[in-house]
Amino acid sequence: MIKTDILVIGSGFGGAVCAARLVDAGKKVSLLERGPWRDSESNRQSDLPQQGVTLQPFPHGRQLPSHFLRQVSIGLLNGPKMLNRHGLFDLSLHPQMSVLCSAGVGGGSHVYWSMNMRPTDPQYWDNRAIGLSAKQMAPHYNWILAQMGSQPLEQMTVAPNKIDQALAEYPSLNTQCEQPALGFRFRGEYSNHGMLGDAANHKVGLDEQLLLPRLSQGLTVYAEHECLTIRRVGAYYHVHSVDHQKQQDKVFVTKTVVLGAGVINSMRILFRSRQVGGLTGLSALGQGFSGNGDVFALWRAGRDTQDFRQSPPSMGRFQVGHQPDAPFLYATGLNILQQIPLLPTMLQRQLKHWLILVGMGQDAADGNISWGQHDISLQFEQSKSPIFKSLYQSLRQLKIISKRRAWFLPQVPMTVHPLGGACVGINEEQGVVDGHGEVFGHPNLYITDGSALPAATGTPPSMTIAAWSSHVSQAILQKLQESNE
601 MIKTDILVIG SGFGGAVCAA RLVDAGKKVS LLERGPWRDS ESNRQSDLPQ QGVTLQPFPH
661 GRQLPSHFLR QVSIGLLNGP KMLNRHGLFD LSLHPQMSVL CSAGVGGGSH VYWSMNMRPT
721 DPQYWDNRAI GLSAKQMAPH YNWILAQMGS QPLEQMTVAP NKIDQALAEY PSLNTQCEQP
781 ALGFRFRGEY SNHGMLGDAA NHKVGLDEQL LLPRLSQGLT VYAEHECLTI RRVGAYYHVH
841 SVDHQKQQDK VFVTKTVVLG AGVINSMRIL FRSRQVGGLT GLSALGQGFS GNGDVFALWR
901 AGRDTQDFRQ SPPSMGRFQV GHQPDAPFLY ATGLNILQQI PLLPTMLQRQ LKHWLILVGM
961 GQDAADGNIS WGQHDISLQF EQSKSPIFKS LYQSLRQLKI ISKRRAWFLP QVPMTVHPLG
1021 GACVGINEEQ GVVDGHGEVF GHPNLYITDG SALPAATGTP PSMTIAAWSS HVSQAILQKL
1081 QESNE
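Heads up: the sequence shown at position 345 corresponds to 945 in the numbering used here, and the numbers run straight through without jumps.
Watch out, some of these pointers could steer you wrong.
Have a look at the derived ranges for each label pair, beta carbon to beta carbon [as the list claims (entries may be wrong)]:
1. Gly1041 <-> Asp721: 52 to 62 Å
2. Val842 <-> Pro813: 21 to 31 Å
3. Asp907 <-> Pro813: 28 to 38 Å
Quick list of in silico lysine-lysine cross-link-like pairs, BS3-like style, CA-CA up to 25 Å [said to hold, decoys possible]:
4. Lys850 <-> Lys603
5. Lys984 <-> Lys628
6. Lys1003 <-> Lys1079
7. Lys855 <-> Lys627
8. Lys846 <-> Lys681
9. Lys989 <-> Lys1003
10. Lys627 <-> Lys1079
11. Lys1003 <-> Lys855
12. Lys952 <-> Lys989
13. Lys1079 <-> Lys628
14. Lys603 <-> Lys989
15. Lys603 <-> Lys1079
16. Lys846 <-> Lys603
17. Lys627 <-> Lys850
18. Lys984 <-> Lys952
19. Lys628 <-> Lys850
20. Lys627 <-> Lys603
21. Lys989 <-> Lys999
22. Lys952 <-> Lys681
23. Lys989 <-> Lys735
In case anyone wonders, no lab produced these hints; they're calculated from the structure. Quick caveat, the model's predicted, so the values are computed rather than measured. All C-beta atoms, glycine included, are put in the ideal place defined by N, C-alpha and C.
Let the hints inform the model, and build the full structure from the sequences given.
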């Protein structure tokens, strides 16, 4: 058994932020991450290689076939199947909503489009739980935006293919809306930093920004350690995990657990823990699941002279038409083409004119996550959320506007922004955690990732998850201080 003061599970926006803030307050923190440290410029230049840490590659070039997927799960069929423990993505397939999420120290910051935004609704946090409000959360947004070096895209005049430039020939598209700020270093390189990871650290990653600097200040990171269950034993929690490097089980003992492993993995941990008797209650577990209105499409928007492979991680967003309530479509070029091995030159020339589009919006967040014999199951009906009809209509209108079809598959729902399942609420009938992120009926067990969010954000949720995690960290510190007085 390994004893630790505070144990954080997960190193994405939910885990890394809370760990960093606790360390900054002088606490000793251990962090479990199921994936490896990645082979990025900042990690290579750190002390990690000298400490014997093997940095694992992103799925670039010849590494793409072997390192793209880590594991795949198909509904309730015997649980997840590990393909390569160093792979970048976990794919969870379900008939009504499939989920793609990343693994590795730094979590989703490696693969997201660097868009740093607040929720669509300015009052998102109001009337959710005691001790929680939009005003109270504002400093936490400010903290993470400063940490990520967020810069408004409109002000980056040197960036190529910003959305107003890329779509200038389509006046019926509104590109003059407020654009996302980006956690991106605008230093003249605008390719190979997209969804397959950024080895050159153009994107601001959580591993380099929040975790590496704190390894000498009280933070210990256990990479390739996957949490399986949490068991409450008196005033302590026994966290059972597997060390994938040594292929052995480990048990961490602590009084304070922070669960920030991402929605899919946190749900697995909580359901499995309840199934084996490690945790009790949790009557609202699995409720309030949302895909954040995610819809994906491909669209040949460019002229023959336009090359969208050169662009920031996000080119920005636009609306089809100029109605203020029209949904937003977020765009990026296929700046990962050079990372795909053996891709014919002719095909590269064709694809450079294409955009990846992601529609987002506030869905009903009325889905459900349940537990079968071996794994979770997701239930989510798109027909109950009007945002999907609006997004599909916008995508269909692109063909009328551009004479080129936007390709999408409404019958294959997918999200990269799963939310909910352990929502914040006023009581245990309405939620899993209270306004401080503490699980009802389980003192000193906290949830800091997107599973605690009470509704779809309608925008990229990373900053809202991070702000929530920061908020919970301060509640933990306050409780620790009171217990020592």
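Evaluated hints:
no.: 1; hint: Gly1041 <-> Asp721: 52 to 62 Å; in the structure: violated (30 Å)
no.: 2; hint: Val842 <-> Pro813: 21 to 31 Å; in the structure: holds (28 Å)
no.: 3; hint: Asp907 <-> Pro813: 28 to 38 Å; in the structure: holds (37 Å)
no.: 4; hint: Lys850 <-> Lys603; in the structure: holds (11 Å)
no.: 5; hint: Lys984 <-> Lys628; in the structure: violated (45 Å)
no.: 6; hint: Lys1003 <-> Lys1079; in the structure: violated (60 Å)
no.: 7; hint: Lys855 <-> Lys627; in the structure: holds (13 Å)
no.: 8; hint: Lys846 <-> Lys681; in the structure: holds (19 Å)
no.: 9; hint: Lys989 <-> Lys1003; in the structure: holds (21 Å)
no.: 10; hint: Lys627 <-> Lys1079; in the structure: holds (13 Å)
no.: 11; hint: Lys1003 <-> Lys855; in the structure: violated (61 Å)
no.: 12; hint: Lys952 <-> Lys989; in the structure: violated (29 Å)
no.: 13; hint: Lys1079 <-> Lys628; in the structure: holds (16 Å)
no.: 14; hint: Lys603 <-> Lys989; in the structure: violated (51 Å)
no.: 15; hint: Lys603 <-> Lys1079; in the structure: holds (20 Å)
no.: 16; hint: Lys846 <-> Lys603; in the structure: holds (19 Å)
no.: 17; hint: Lys627 <-> Lys850; in the structure: holds (22 Å)
no.: 18; hint: Lys984 <-> Lys952; in the structure: violated (36 Å)
no.: 19; hint: Lys628 <-> Lys850; in the structure: holds (19 Å)
no.: 20; hint: Lys627 <-> Lys603; in the structure: holds (14 Å)
no.: 21; hint: Lys989 <-> Lys999; in the structure: holds (16 Å)
no.: 22; hint: Lys952 <-> Lys681; in the structure: violated (34 Å)
no.: 23; hint: Lys989 <-> Lys735; in the structure: violated (33 Å)
Against the hints set out earlier in the document, violations occur for numbers 1, 5, 6, 11, 12, 14, 18, 22 and 23.
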